[in-house]
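J.: If you want the building blocks of each chain, they are given just below.
There are 2 protein chains.
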Amino acid sequence: MYKSKLLLLLLSGCICSCLFGQENIRSGAKEQVLSPEVHPDNSVTFRLVAPDATRVFLKGNWTTESSFPDGKIPMVKSNSIWSYTASGLPSDLFLYNVEIDGVLVNDPLNVYQIRDVNRTFNYFITNGERADLYKVQEVPHGTVAKRWYDSPTLGMTRRMTVYTPPGYEEGKEKYPVLYLLHGMGGDEEAWPTLGRAAQILDNMIARGQVKPMIVVMPNGHVSNTAAPGESSKGLYPIGFATPDVGTGKMEESFIDVVRFIEENYRVQAKKSSRAIAGLSMGGSHTLFTSAFLPDYFDYIGLFSAAFRMNDKAQSPVFSDFDHRLTKQKENGYRLYWIGMGKDDFLYETGQQFRKKLEEHGMMYHYHESEGGHTWSNWRTYLTLFLPKLFQ
Amino acid sequence: MYKSKLLLLLLSGCICSCLFGQENIRSGAKEQVLSPEVHPDNSVTFRLVAPDATRVFLKGNWTTESSFPDGKIPMVKSNSIWSYTASGLPSDLFLYNVEIDGVLVNDPLNVYQIRDVNRTFNYFITNGERADLYKVQEVPHGTVAKRWYDSPTLGMTRRMTVYTPPGYEEGKEKYPVLYLLHGMGGDEEAWPTLGRAAQILDNMIARGQVKPMIVVMPNGHVSNTAAPGESSKGLYPIGFATPDVGTGKMEESFIDVVRFIEENYRVQAKKSSRAIAGLSMGGSHTLFTSAFLPDYFDYIGLFSAAFRMNDKAQSPVFSDFDHRLTKQKENGYRLYWIGMGKDDFLYETGQQFRKKLEEHGMMYHYHESEGGHTWSNWRTYLTLFLPKLFQ
Numbered sequence: 001m002y003k004s005k006l007l008l009l010l011l012s013g014c015i016c017s018c019l020f021g022q023e024n025i026r027s028g029a030k031e032q033v034l035s036p037e038v039h040p041d042n043s044v045t046f047r048l049v050a051p052d053a054t055r056v057f058l059k060g061n062w063t064t065e066s067s068f069p070d071g072k073i074p075m076v077k078s079n080s081i082w083s084y085t086a087s088g089l090p091s092d093l094f095l096y097n098v099e100i101d102g103v104l105v106n107d108p109l110n111v112y113q114i115r116d117v118n119r120t121f122n123y124f125i126t127n128g129e130r131a132d133l134y135k136v137q138e139v140p141h142g143t144v145a146k147r148w149y150d151s152p153t154l155g156m157t158r159r160m161t162v163y164t165p166p167g168y169e170e171g172k173e174k175y176p177v178l179y180l181l182h183g184m185g186g187d188e189e190a191w192p193t194l195g196r197a198a199q200i201l202d203n204m205i206a207r208g209q210v211k212p213m214i215v216v217m218p219n220g221h222v223s224n225t226a227a228p229g230e231s232s233k234g235l236y237p238i239g240f241a242t243p244d245v246g247t248g249k250m251e252e253s254f255i256d257v258v259r260f261i262e263e264n265y266r267v268q269a270k271k272s273s274r275a276i277a278g279l280s281m282g283g284s285h286t287l288f289t290s291a292f293l294p295d296y297f298d299y300i301g302l303f304s305a306a307f308r309m310n311d312k313a314q315s316p317v318f319s320d321f322d323h324r325l326t327k328q329k330e331n332g333y334r335l336y337w338i339g340m341g342k343d344d345f346l347y348e349t350g351q352q353f354r355k356k357l358e359e360h361g362m363m364y365h366y367h368e369s370e371g372g373h374t375w376s377n378w379r380t381y382l383t384l385f386l387p388k389l390f391q
Numbered sequence: 001m002y003k004s005k006l007l008l009l010l011l012s013g014c015i016c017s018c019l020f021g022q023e024n025i026r027s028g029a030k031e032q033v034l035s036p037e038v039h040p041d042n043s044v045t046f047r048l049v050a051p052d053a054t055r056v057f058l059k060g061n062w063t064t065e066s067s068f069p070d071g072k073i074p075m076v077k078s079n080s081i082w083s084y085t086a087s088g089l090p091s092d093l094f095l096y097n098v099e100i101d102g103v104l105v106n107d108p109l110n111v112y113q114i115r116d117v118n119r120t121f122n123y124f125i126t127n128g129e130r131a132d133l134y135k136v137q138e139v140p141h142g143t144v145a146k147r148w149y150d151s152p153t154l155g156m157t158r159r160m161t162v163y164t165p166p167g168y169e170e171g172k173e174k175y176p177v178l179y180l181l182h183g184m185g186g187d188e189e190a191w192p193t194l195g196r197a198a199q200i201l202d203n204m205i206a207r208g209q210v211k212p213m214i215v216v217m218p219n220g221h222v223s224n225t226a227a228p229g230e231s232s233k234g235l236y237p238i239g240f241a242t243p244d245v246g247t248g249k250m251e252e253s254f255i256d257v258v259r260f261i262e263e264n265y266r267v268q269a270k271k272s273s274r275a276i277a278g279l280s281m282g283g284s285h286t287l288f289t290s291a292f293l294p295d296y297f298d299y300i301g302l303f304s305a306a307f308r309m310n311d312k313a314q315s316p317v318f319s320d321f322d323h324r325l326t327k328q329k330e331n332g333y334r335l336y337w338i339g340m341g342k343d344d345f346l347y348e349t350g351q352q353f354r355k356k357l358e359e360h361g362m363m364y365h366y367h368e369s370e371g372g373h374t375w376s377n378w379r380t381y382l383t384l385f386l387p388k389l390f391q
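Protein chains in written order, with our numbering: chain W, 1 to 391; chain X, 1 to 391.
For the record, the hints were derived by calculation from the structure and aren't laboratory data.
Do not take every clue at face value.
[Stated by the list, open to error] When the alpha-carbon atoms are kept at most 25 Å apart in a straight line, the in silico DSS-like pairs for lysine-lysine are as follows:
1. W:K174 with W:K270
2. W:K233 with X:K135
3. W:K172 with X:K233
4. X:K174 with W:K174
5. W:K172 with X:K135
6. W:K135 with X:K233
Remember, predicted model here, so these are calculated numbers, not experimental data.
Given the sequences, and given the hints that come with them, work out the whole structure.
T.: The following block contains the structure:
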C-alpha cells in the first residue's frame, strides 16, 4: 500500500496494541473509564478497574486519620470497577494514591503525577476561584526554563528553574525578580510542579493583579547539583539530602544565583526590584539570606518558615545574626511578610521569630491561616504575597 | 524551643510521617528496598513489597510475547518481596510497569516515569556506550525551555520545547537550528522525555561530535495548543488527537514555527543552517514540510517515517507533491537521511518512498537497523543523524 491508509487502520483498531508515533497507542475500542472525574459541585469520583483485587483503598491528602483509619478510604466494587466519590472538596489541587491489595501505587487511569521527594502522587484540580489560579487558562504564558548556572562559591554547576513572564523574550523592558525557595524535601522542580508557580504567575499577571516579573527557583540543597534524575549522580537510589541542611552554604552561595540572573537576564538590578521568599527550609534560607545580604532585598516572604536548622553549623550566616538583622532594618525594606498555619508544627518557632523581629523594631505583615505545613497553604501564601511585590 | 532542633528531630524519626519542606517526608528508619537495581553487567533486579498480593508480573518493553505470555514476566515472592532479575540487557533506556493482582500500575519504588500518550511507564537506563549518551553526565548543559509562540496560520498560541546549547545565553554567536518532530502519539514533551534529546545533545556536543545547535520541538497536533495537562483544555479526559492527523495543517503552519525561532533566537537564518527531522507521523511532517518549503532545509531526516496519512485531505501540501519534490531537488540539499527498522510496520512504505526519491533522482542516505517502530531506534537514529548536520 503505497498511499498508506494508516490512519484509517489505526482508527478502526486494526493496529491493536501497536506502535505508531509513540510506541504506546491504545486501541480506542474499549469504553473509557475515567479516574478521577471532577464533577461541577467539586465532588470527585475515583475508579479502578481491578476485577481480581480483594481490597482497594484511596489515600488522598484531604483525608484525615480521624475520618478513616490511616486516612485510607475503602473503595467499593461493582462490576469489576472499584469506585469512591469524595464530596464537596474545596477549590484546590489535591494529591492521592490508590492501594491495591496492600500496595500503594498510582492511579493507572490518571497520567498526571507529581514527584514529592521519593514518591509520586496523582493529582487533580477541582473547580472554583482558587483552583482557577492553578489551572492553565487562555491567557498569555510565560516561559519555563531549566537552566544551569555556575556557583563559584560552591564550585559547582547547578540547575535552576526560571520563569520569564509573557513578553519577556520579545521585549526590551527590564523586570524585577522574585527568588522563590523550596523546602527540605524539594528541589528546583518543587515550585513549578507542586507549587503551580508558572500557572499562578500567568493567571495573576493576566488579571493585572501581579506585576510581570522573573521568578527564579534554584535548588536549595547545596550537596546536589540538580533534582533527582537530573544530575550526573544518576537515577538510583534517591538520596535525601539532609547533611547539607542548615549549614549556611545555601545563604553564602546565594550571591552566585543573583549574579547569574543579573548578568544573564534583563532585570532591574536593584534592591527595590528584588524579592526573596521560601517555604519551610526555604523560609529559613530566606530570612538568613536577606539578613546576610542586607542591601539586596526589599521584599521578604516567609511561608511556614523554619528558623535555624543546625545549631552547630559554623557560618558567617549565623554568627552575629542579631547584628545583621539590625543592619537589615537600618537599610530598610518594603515588606516582611510572614504566613503560618494554625496547625503547623513550626507554629511556635514562627511566633518566636515574630518576637525577635519585634525586639528589633522590624515591621512585618503577619498572615495566619487555617491548616498546617501544606502545599495548599504555600500556594495560597504565594497568591497573597505576589500582589504586594514591586508596587 | 527557639533555636529549634528540627533537623535532629527529623533525622531521629520523631517527625514520623510528617511534613517538612515538602508534605511528604518518609522516615529514613526503614531499610530501603531498591527497584530497579541496575547491576554492572546490565542485569536488572526489580522488587515489589507486596505481602498480600497473589500474582505479580513485570511488563517491560524488552520482553516479547514469545518468551512470556502477553509479555508478562511472573515475579517470585520471598519474605513479602516479589522480585525478578532480567539479565544481560543491552545498553539503552527501557520502560516497564508492574501488574499487581491483575492491575497494571507503576513500580511504587521507582519515581522515574515517562508519559506516553495516555499511560505512564517507569524507566531505567542500563550501562554502556549507548546508555552513556542518554544519561546526565558531568558536561556543560544546555537550557530546556517550554515556550509559547503565536501561529497566525492556525490562529493559536502554542507550546514548544526549545533546547539551546551550552553557552547560548552568555554568548553572541548565531546557531544553526534542528526542528525535531514527534509521532502521532506524542507532543512537545516526547523528544525531551522518551527521546532524551537534551542529554544526547549535551553529551555529543561535549565530545565534539555534534555542532552546537538549537533544537526546536514543536507540538505536531494542530488541534492542540500543548501537551495533555498543559493547555486550557484541562486535565481530563485526555483526547487522542487523531482528526488533525494528515490534514496538511502542520506543514502549512510550519512557517510560523520557523519565523518565531528566527525572530526570537540568535540563529543562522539560512537554508544551510536549518535541519528538519521527525519520527513516524513526524517523518511524514518532515518530508512534506521540506518539500512544501523547498528553499528552507538543507538537512532532512526521516526516522521510521509514515508517508501520506490521509488520502482525502485537501491541502496545497499534498497537491502537486511530485512537482514540489522536483523543486526541492533543483534547489539542492546536503543530506536526505532515512532510518528504518527491519521489523517496522512502515517498512514497505519506507521502501516505496525511497523509490520515489530515486525516480526523482534525489540522493539520500539510507540506514536500515534491526527492530521496529521503537524509541530505541529513534534515539539511535538521532545520534547517527546529528553528527552529519551543519558540517
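J.: Against each hint, give a clear statement of whether it holds in the structure.
T.: We went through each hint and held it up to the structure:
Note on K174 of chain W and K270 of chain W: the hinted pairing holds, with a Cα-Cα distance of about 11 Å set against a maximum of 25 Å. For the suggested pair K233 of chain W and K135 of chain X, the alpha carbons sit about 10 Å apart, so the restraint of at most 25 Å is met. For the suggested pair K172 of chain W and K233 of chain X, the alpha carbons sit about 32 Å apart, so the restraint of at most 25 Å is broken. With a C-alpha separation of about 23 Å, the suggested pair K174 of chain X and K174 of chain W falls inside the 25 Å cut-off, and the hint holds.
The hinted pair formed by K172 of chain W and K135 of chain X fails the criterion: a straight-line CA distance of about 37 Å is larger than 25 Å. Taken as a hint, the K135 of chain W and K233 of chain X pair is honoured in the structure, with Cα atoms around 10 Å apart against an allowance of 25 Å.
Hint compliance for this structure: hints 3, 5 are broken, all remaining hints hold.
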